[in-house]
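Here the protein sequences come in this chain order: C and R. For the first sequence, my numbering gives the first residue as 31, with consecutive numbering after it. For the second sequence, my numbering gives the first residue as 941, with consecutive numbering after it.
Just so you know, these hints were derived from the structure itself, not from any lab. Each residue gets a CB set at the ideal place from its N, CA and C atoms; glycine is no exception. Careful: at least some of the hints might be erroneous.
As the list claims (entries may be wrong) - Heads up, simulated DSS-like pairs for lysine-lysine below, C-alpha to C-alpha not over 27 angstroms straight-line:
1) 1011/R with 79/C
2) 99/C with 984/R
3) 984/R with 1011/R
Stated by the list, open to error - Chain R is faced by these chain C residues, among others (derived, beta-carbon under 7 angstroms):
4) 69
5) 72
6) 74
7) 116
8) 130
9) 134
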Amino acid sequence: AQSVTQLDSQVPVFEEAPVELRCNYSSSVSVYLFWYVQYPNQGLQLLLKYLSGSTLVKGINGFEAEFNKSQTSFHLRKPSVHISDTAEYFCAVSDLNRNQFYFGTGTSLTVIP
Amino acid sequence: NAGVMQNPRHLVRRRGQEARLRCSPMKGHSHVYWYRQLPEEGLKFMVYLQKENIIDESGMPKERFSAEFPKEGPSILRIQQVVRGDSAAYFCASSPPNRGSYEQYFGPGTRLTVT
Chain C
31 AQSVTQLDSQ VPVFEEAPVE LRCNYSSSVS VYLFWYVQYP NQGLQLLLKY LSGSTLVKGI
91 NGFEAEFNKS QTSFHLRKPS VHISDTAEYF CAVSDLNRNQ FYFGTGTSLT VIP
Chain R
941 NAGVMQNPRH LVRRRGQEAR LRCSPMKGHS HVYWYRQLPE EGLKFMVYLQ KENIIDESGM
1001 PKERFSAEFP KEGPSILRIQ QVVRGDSAAY FCASSPPNRG SYEQYFGPGT RLTVT
């Protein structure tokens, strides 16, 4: 079975500062990795995904993530955050043979003016 | 192309009543997934359906919960005799037939409150 750990439940950061949201996973098989963003009272929107190939993945809104197989991590980064980035961020994994996603408990990013 | 539609967006039920949540997948999508999000938690998989078939229901509670995706019409998640612990946000996601991207598109969710 797969599991996802998001170590930071809340991350406050000043506007225009860089941010990293951490995600670690455990799995005995190869996985696909995803980051989703959830704005208040809305559904989840895909930020980026890693399926194969380059370990550095670029997504929407200036976000990127790096897949590190040896450390089983998929940390999300943005060099300069905006107020509009304030939201809940979820890391998720899906193995190649199953049909369900496993989600972390989320990281609440608050951008301070 | 409209996204995944869910209705109602908010649903209030008294204990013991039935709740019916509807999900219309994106056009051309034939795979539907239901997830539950409890307060302060991530999403938990409940069930995966294709048209007229339940493929994986390993995340569904054994009692009171059922799901269907008929040949025509939306997918329905049905909760019978609701209890306070059923209060949560229920999200539906859909994916296309080829699923080569392994990407799921999420709806806005239905927030169920049991009083």
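Would the hint on residue 72/C be counted as holding, given a Cβ-Cβ threshold of 7 angstroms to chain R?
holds, 6 angstroms
Can we keep the residue 116/C interface hint, with Cβ of chain R closer than 7 angstroms?
violated, 17 angstroms
For residue 984/R and residue 1011/R, compute the direct alpha-carbon distance and say whether it is at most 27 angstroms.
holds, 26 angstroms
Is the straight-line distance between the alpha-carbon of residue 1011/R and that of residue 79/C 27 angstroms or less?
violated, 31 angstroms
Sort out whether residue 984/R lies within 27 angstroms of residue 99/C, counting only the CA atoms.
holds, 24 angstroms
For the hint on residue 74/C, just tell me whether its beta-carbon gets within less than 7 angstroms of chain R.
Status holds, d = 4 angstroms.
Does residue 130/C pass the interface check with chain R, least Cβ-Cβ distance below 7 angstroms?
holds, 4 angstroms
Taking the closest Cβ pair, is residue 134/C under 7 angstroms from chain R?
Hint holds; residue 134/C Cβ to chain R Cβ min 5 angstroms, cut 7 angstroms.
May I ask you to test the interface hint for residue 69/C with respect to chain R, counting a Cβ-Cβ separation under 7 angstroms as satisfied?
Not OK, violated: residue 69/C not within 7 angstroms of chain R, min 10 angstroms.
The structure fails hints 1, 4, 7 (numbered hints given earlier, in ascending order).
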